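S.K.: So you can see what is in the structure, the chains are spelled out below.
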Amino acid sequence: MSERSWKSTLGEAIPAPLGEEIDAWEAQIELKKGPGMDDRIFAETRLRRGVYGQRYDNGLRDDGTGQKPLEFPCGDLKKGPDTVFDAPGMQRIKIPYGRITAEQLDVMSDLAEEYSDRILHVTTRQDIQLHFVHVEDTVDMHRRLAACGITTREACGNSVRNVTACQFAGVCNTESFDVTPYADALTQFLLGHPDVQDFGRKFKIAFSGCHGEPCGLVTFHDLGATAVLKDGKRGFQLVVGGGLGAVPVEAKILMDFCPEEELLPVSQAVCRVFARLGEKQSRARARIKFLIQKEGIERFRELVAEERAQLRDDPRWTDFLDTLHGPIENPIRDGGALPEAAPPRFHEWAKTNLRPQVQEGYFVATLTLPLGDISSEQGWLLADLARKYTGDSIRATVEQNLAFRWLSGADAVAFWEALDTMGLAQAGASTINDVTSCPGTDTCKLGISASRGLAGELRKHLTVIRDQLDPAVKPLRIKASGCFNSCGQHHVADLGFLGVSRNVGGRKVPHFNVVLGGQWTENAKSYGMVVGAVPSKNVPQAVELITAKFVADRQEDESFQAFIKRIGKGEVRKLLAPITKPPSYEEDPSYYSDWGDPREYTIGDLGIGECAGEVVPFVEFGIQAAEQQLDQAQDLHDVGEHGKAASQALRSMLTAAQALVRHLGHEVRDEADDIVTLFREHLHDTGLFHDPFAGGKFATYLLKAHAAGDEEFWTGADAEAAHRVIDEARLFVEATHAAYARIGETPQLTPPPAPKASAAAAPAE
Amino acid sequence: MTQTDISRAERVQVKLFASKAAADPHDLVPVFHRWIREAKVPDELLIDVTDYTHVWRGPGILLVGHGVDLYYDLGEDRPGLLFARKRAFEGDLETRLTDALKRALRACADLEEDGLEFSATEVLVRVPDRLHAPNDDDAFTAFVPVLEAAARAVYGAEAVLVIEREEAGTRQPLTARLRVEDAPAVRTLA
Numbered sequence: 005m006s007e008r009s010w011k012s013t014l015g016e017a018i019p020a021p022l023g024e025e026i027d028a029w030e031a032q033i034e035l036k037k038g039p040g041m042d043d044r045i046f047a048e049t050r051l052r053r054g055v056y057g058q059r060y061d062n063g064l065r066d067d068g069t070g071q072k073p074l075e076f077p078c079g080d081l082k083k084g085p086d087t088v089f090d091a092p093g094m095q096r097i098k099i100p101y102g103r104i105t106a107e108q109l110d111v112m113s114d115l116a117e118e119y120s121d122r123i124l125h126v127t128t129r130q131d132i133q134l135h136f137v138h139v140e141d142t143v144d145m146h147r148r149l150a151a152c153g154i155t156t157r158e159a160c161g162n163s164v165r166n167v168t169a170c171q172f173a174g175v176c177n178t179e180s181f182d183v184t185p186y187a188d189a190l191t192q193f194l195l196g197h198p199d200v201q202d203f204g205r206k207f208k209i210a211f212s213g214c215h216g217e218p219c220g221l222v223t224f225h226d227l228g229a230t231a232v233l234k235d236g237k238r239g240f241q242l243v244v245g246g247g248l249g250a251v252p253v254e255a256k257i258l259m260d261f262c263p264e265e266e267l268l269p270v271s272q273a274v275c276r277v278f279a280r281l282g283e284k285q286s287r288a289r290a291r292i293k294f295l296i297q298k299e300g301i302e303r304f305r306e307l308v309a310e311e312r313a314q315l316r317d318d319p320r321w322t323d324f325l326d327t328l329h330g331p332i333e334n335p336i337r338d339g340g341a342l343p344e345a346a347p348p349r350f351h352e353w354a355k356t357n358l359r360p361q362v363q364e365g366y367f368v369a370t371l372t373l374p375l376g377d378i379s380s381e382q383g384w385l386l387a388d389l390a391r392k393y394t395g396d397s398i399r400a401t402v403e404q405n406l407a408f409r410w411l412s413g414a415d416a417v418a419f420w421e422a423l424d425t426m427g428l429a430q431a432g433a434s435t436i437n438d439v440t441s442c443p444g445t446d447t448c449k450l451g452i453s454a455s456r457g458l459a460g461e462l463r464k465h466l467t468v469i470r471d472q473l474d475p476a477v478k479p480l481r482i483k484a485s486g487c488f489n490s491c492g493q494h495h496v497a498d499l500g501f502l503g504v505s506r507n508v509g510g511r512k513v514p515h516f517n518v519v520l521g522g523q524w525t526e527n528a529k530s531y532g533m534v535v536g537a538v539p540s541k542n543v544p545q546a547v548e549l550i551t552a553k554f555v556a557d558r559q560e561d562e563s564f565q566a567f568i569k570r571i572g573k574g575e576v577r578k579l580l581a582p583i584t585k586p587p588s589y590e591e592d593p594s595y596y597s598d599w600g601d602p603r604e605y606t607i608g609d610l611g612i613g614e615c616a617g618e619v620v621p622f623v624e625f626g627i628q629a630a631e632q633q634l635d636q637a638q639d640l641h642d643v644g645e646h647g648k649a650a651s652q653a654l655r656s657m658l659t660a661a662q663a664l665v666r667h668l669g670h671e672v673r674d675e676a677d678d679i680v681t682l683f684r685e686h687l688h689d690t691g692l693f694h695d696p697f698a699g700g701k702f703a704t705y706l707l708k709a710h711a712a713g714d715e716e717f718w719t720g721a722d723a724e725a726a727h728r729v730i731d732e733a734r735l736f737v738e739a740t741h742a743a744y745a746r747i748g749e750t751p752q753l754t755p756p757p758a759p760k761a762s763a764a765a766a767p768a769e
Numbered sequence: 014m015t016q017t018d019i020s021r022a023e024r025v026q027v028k029l030f031a032s033k034a035a036a037d038p039h040d041l042v043p044v045f046h047r048w049i050r051e052a053k054v055p056d057e058l059l060i061d062v063t064d065y066t067h068v069w070r071g072p073g074i075l076l077v078g079h080g081v082d083l084y085y086d087l088g089e090d091r092p093g094l095l096f097a098r099k100r101a102f103e104g105d106l107e108t109r110l111t112d113a114l115k116r117a118l119r120a121c122a123d124l125e126e127d128g129l130e131f132s133a134t135e136v137l138v139r140v141p142d143r144l145h146a147p148n149d150d151d152a153f154t155a156f157v158p159v160l161e162a163a164a165r166a167v168y169g170a171e172a173v174l175v176i177e178r179e180e181a182g183t184r185q186p187l188t189a190r191l192r193v194e195d196a197p198a199v200r201t202l203a
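Top to bottom, those sequences are chains A and B. The first sequence begins at 5 in the working numbering and counts up one residue at a time. The second sequence begins at 14 in the working numbering and counts up one residue at a time.
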């Protein structure tokens with residue numbers, strides 16, 4: 005009897021293209037366990053499947069008495085430069101615009117329990133992360149996710165990351181229109197698109213339904229799209245080059261109005277410009293914001309317009325528009341009014357966690373998740389709750405919560421009571437006790453301070469005193485980041501905290517920089533002011549001092565942002581001065597440990613971050629894929645499948661040729677005719693592919709095989725013909741390596757033709 | 014589902030309940046960090062400690078290892094020591110279960126040195142491996158003799174055992190509750 009496997013058990017439930025990708029990932033892991041795969045390429049391959057590194061995965065950890073080796077059983081085997089193969093890592097699950105079905109929540113809860121630590125973590129970009137996962141377990145995880153419609157492809161690495169959108173899209177009172185189908189169309193269009201494979205860094209996209217509310221946060225994204233109606237026509241204001249990080253940058257307007265039919269091609273053009281001209285060598289300057297700074301927004305607009313003008317038409321740009329105006333989700337219960345008679349705790353919860361939809365009788369219920377975490381058990385219970393009350397309408401939010409849409413007012417009390425039985429009926433969503441945090445030193449390789457530890461402490465304290473807080477203080481937001489990469493989005497919080505380290509008396513002390521007055525509204529309109537650092541253990545006191553001063557000294561109806569601006573940095577520094585210096589180690593050693601970690605604080609465990617990915621030119625992935633196809637061809641030949649073997653050998657030549665053509669900057673489709681035509685034009689006829697000794701001999705192997713017939717034709721090949729074409733394919737792939745080496749990582753690009761006039765495509769001034 | 018299928022299940026979890034719980038679950042954080050320093054769990058690489066006490070009836074305090082994890086678990090609203098075998102172990106399910114029970118008892122005995130107390134009379138046993146051990150009647154029928162054999166290897170051939178099924182028909186993993194009449198103290202069994 006053959007052994008059961010997820011692959012055979014799930015069978016056709018896994019869509020074929022995803023199944024093939026996952027099979028390839030499985031093969032790559034096996035290859036990595038042998039001598040056959042470079043650490044760098046494997047790392048980027050892994051990252052592009054959402055399989056991330058975690059703290060201590062370099063095999064070293066400070067146990068409080070000094071750094072000690074972690075002796076994993078795999079020995080020297082690596083899964084990336086300085087990344088031990090056996091070390092636990094993180095699986096990021098990409099959730100486009102945060103939308104989760106009940107079935108998906110069930111499956112992710114199963115995976116968390118079987119392969120992780122029984123926790124699902126909601127991130128600030130609407131992803132779900134599972135921690136402490138072994139790389140070999142990711143294959144089955146991916147299969148089980150694929151069977152419920154989730155791919156982890158391009159969840160990390162130098163690629164288009166999760167496309168985020170406002171969690172209220174489609175049910176919101178202030179939106180111009182529902183951005184969900186546009187976010188979905190752009191997600192599907194760019195996923196795996198050849199034009200987004202050769203970035204120097206990651207690329208983040210966000211959608212918002214309006215300008216006024218904060219939910220989409222478009223202003224700090226690489227590409228942000230805000231819904232706009234112009235004379236009744238749908239379109240988007242597009243902004244580019246925003247980002248947080250060490251120095252936050254507000255995105256600049258690329259187009260005031262991009263008509264809906266131009267959203268995908270203009271986005272594609274932006275990606276092509278970024279891939280072509282973005283920095284590749286220096287990671288610190290490789291995000292698109294630096295390219296825009298270098299070129300200037302005017303020139304960048306011209307570059308995008310030129311690129312757009314030369315794109316070949318793609319039906320996907322507009323196909324989705326035909327199905328746009330139907331309902332995205334349907335309620336499963338009749339709408340109704342909120343009951344007047346309900347427990348006082350329900351009313352307290354409803355004030356902050358229940359928001360009326362534009363559709364009469366329905367509400368969005370926001371579940372305040374402590375530190376963005378739920379257990380597997382809570383996940384299963386929530387999936388049942390969705391099935392009973394709201395249907396497949398759950399959305400993860402950028403504040404690390406879950407929003408359940410389409411809750412009938414008539415069901416709200418019963419829904420809340422059910423939440424209460426699973427520990428999730430806490431009030432205060434998007435208020436001061438709903439503290440957001442990145443993973444920090446808990447699991448992140450780059451974490452400097454324990455942002456989660458701090459957030460947990462603040463949340464605990466503020467939840468207890470919430471009822472006593474002044475009404476002006478309750479709506480303030482607190483966000484913490486463990487390092488300058490700002491994943492906790494502290495720049496746009498009222499009270500933001502950024503992990504830093506300070507030397508005191510020859511010892512390291514965890515601190516947080518206090519960043520005040522960031523603006524969350526208007527899509528995170530402006531960034532906070534850095535006031536100075538306080539010891540980690542004094543941050544709760546800093547929150548008390550600042551909020552007390554705000555209550556005491558604010559002018560009538562003055563916002564926190566206006567207050568901080570008015571009193572200025574000097575006044576805040578004066579306020580915090582008594583708590584900025586930690587006591588000596590002898591007086592109080594607790595200051596020399598971080599929140600939730602009794603070890604003496606050190607930054608010796610900092611690793612090399614994988615946020616930046618490995619800068620592996622896309623061409624190398626193509627050649628690697630060609631080699632795998634060639635190996636498969638040989639395997640087929642060895643078992644007597646000569647026709648299939650010959651066909652696969654031809655495919656391997658096409659894959660290698662396509663990679664090289666694309667490397668030269670030419671748009672090339674997957675069809676063999678297109679590949680061969682462009683290969684002939686740009687590599688054969690130019691002599692670029694020619695071997696110094698053999699001349700154009702290797703190139704002719706592809707040209708001859710293609711001229712003889714397509715891949716279908718070659719399935720009729722006999723053993724001798726198959727043997728010959730496999731040999732020729734091997735030489736061709738070798739020649740591709742050599743040609744790539746001659747051309748180099750940064751080829752001389754063919755300049756794009758002069759732009760054609762295209763009013764629709766031209767970015768606004 | 015056959016005995017052969019279920020014997021391939023790799024992941025098992027065993028939880029023993031605290032009869033004297035920690036005053037504050039956070040008390041376990043320095044204990045587990047010390048266990049890492051002292052390599053307290055034999056034949057296991059211990060890696061890190063994580064705090065999930067903010068999660069309702071959640072994993073509590075987690076000591077992460079390479080092949081096994083140890084939790085001061087807050088599930089069922091009853092604190093206890095949960096031992097989870099996740100990888101890196103040869104043998105069939107019975108061998109894994111026997112090892113898990115022994116190691117869980119050992120860990121409980123070690124925690125008793127820090128003032129906690131555990132009972133060996135009730136053990137929650139899960140098989141979080143939905144491929145080889147779905148939570149259905151057939152799998153449970155195949156599982157009972159395996160668990161019984163493992164329990165007898167730990168508690169003795171004459172022990173009076175009751176094995177009950179938990180959470181039938183839900184998405185929970187295959188779960189059994191093992192009750193042992195007049196079980197000795199964990200230190201005796203460890």
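Careful, some of the hints might be misleading.
As the list claims (entries may be wrong) - In silico DSSO-like links for lysine-lysine, alpha-carbon gap of 27 Å or less:
#1 237/A <-> 206/A
#2 53/B <-> 72/A
#3 206/A <-> 284/A
#4 53/B <-> 464/A
#5 11/A <-> 37/A
#6 573/A <-> 648/A
As the list claims (entries may be wrong) - Pairwise CB distance ranges (calculated):
#7 692/A <-> 104/B: 35 to 41 Å
#8 105/B <-> 697/A: 31 to 37 Å
#9 105/B <-> 153/A: 53 to 59 Å
Hints in this document: simulated from the structure, not taken from any laboratory. If you're wondering where the values come from, they're calculated on a predicted model, not measured in any experiment. Cβ coordinates follow ideal geometry from the N, Cα and C atoms, glycine included.
S.K.: Give a verdict on every hint.
M.R.: Now the hints, each set against the structure:
1. 237/A <-> 206/A: Violated: residue 237/A and residue 206/A sit about 32 Å apart, past 27 Å.
2. 53/B <-> 72/A: holds, 15 Å
3. 206/A <-> 284/A: holds, 11 Å
4. 53/B <-> 464/A: Cα-Cα ~32 Å, so violated.
5. 11/A <-> 37/A: Roughly 21 Å separates the two Cα atoms, so the pair holds.
6. 573/A <-> 648/A: Roughly 71 Å between the alpha carbons, so the hint for residue 573/A and residue 648/A is violated.
7. 692/A <-> 104/B: 35 to 41 Å: violated, 58 Å
8. 105/B <-> 697/A: 31 to 37 Å: With a Cβ separation near 59 Å, residue 105/B and residue 697/A fall outside 31 to 37 Å, so the hint is violated.
9. 105/B <-> 153/A: 53 to 59 Å: With Cβ atoms ~35 Å apart, the hint is violated.
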